[in-house]
Amino acid sequence: MVKVKTIGPSCTAITPIVRCRNKLELMIDEKLTRPIIAITGKNVDEICRVLSKRFLVRHNGNGKEMLIQLQAFPAVSVWLLASYGVKPSEELLDKLLLNTPTLLADLFWDLVDLSSTDTRAKDGKPLISRAVLLKAS
0 MVKVKTIGPS CTAITPIVRC RNKLELMIDE KLTRPIIAIT GKNVDEICRV LSKRFLVRHN
60 GNGKEMLIQL QAFPAVSVWL LASYGVKPSE ELLDKLLLNT PTLLADLFWD LVDLSSTDTR
120 AKDGKPLISR AVLLKAS
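Per numbering that gives the first Met the number 0, residue 0 is the first one in the sequence shown, and the count goes up by one each step.
Don't take each hint at face value.
Stated by the list, open to error - Derived BS3-like pairs: lysine-lysine, alpha-carbon spacing no greater than 30 Å straight-line: (1) 94 to 41; (2) 86 to 134; (3) 86 to 41; (4) 94 to 134; (5) 52 to 41; (6) 94 to 22; (7) 30 to 52.
Note that these hints are calculated values from the structure, not bench results.
Could you build all of it, start to finish, from the sequences and the hints given here?
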């Protein structure tokens with residue numbers, strides 16, 4: 000017999016956050032103690048201002064936290080890397096947020112094209128071949 004553990008209301012999903020206090024920290028989950036990215040310096044206030052215009056902000060003690068949707072995490076993390084040591088560009092963040100889903104979709108359909116299977120065939124084979132999947136992974 001298999002026992003199934005139910006998830007109660009106290010469980011939360013992983014939500015990436017950006018903490019802004021005297022430094023900026025990108026965390027994949029608020030329960031983790033080590034940040035993925037930590038930024039200090041004069042750009043922290045500007046980065047936090049830009050992010051707070053686009054994401055939900057909650058005040059926590061002497062700082063604030065921006066909750067980043069999981070699908071926006073790749074764009075925000077790349078933007079934070081690009082903003083390290085230089086003035087952050089709102090236009091770059093907007094482009095990344097708009098194009099990330101498109102880039103992922105393009106990658107997916109490029110894998111279909113690389114597989115060179117007949118997309119009209121009705122033989123039940125996957126559109127992306129095993130060989131292409133192995134190379135892509």
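Structure versus earlier hints, numbers of those that do not hold, lowest first:
2
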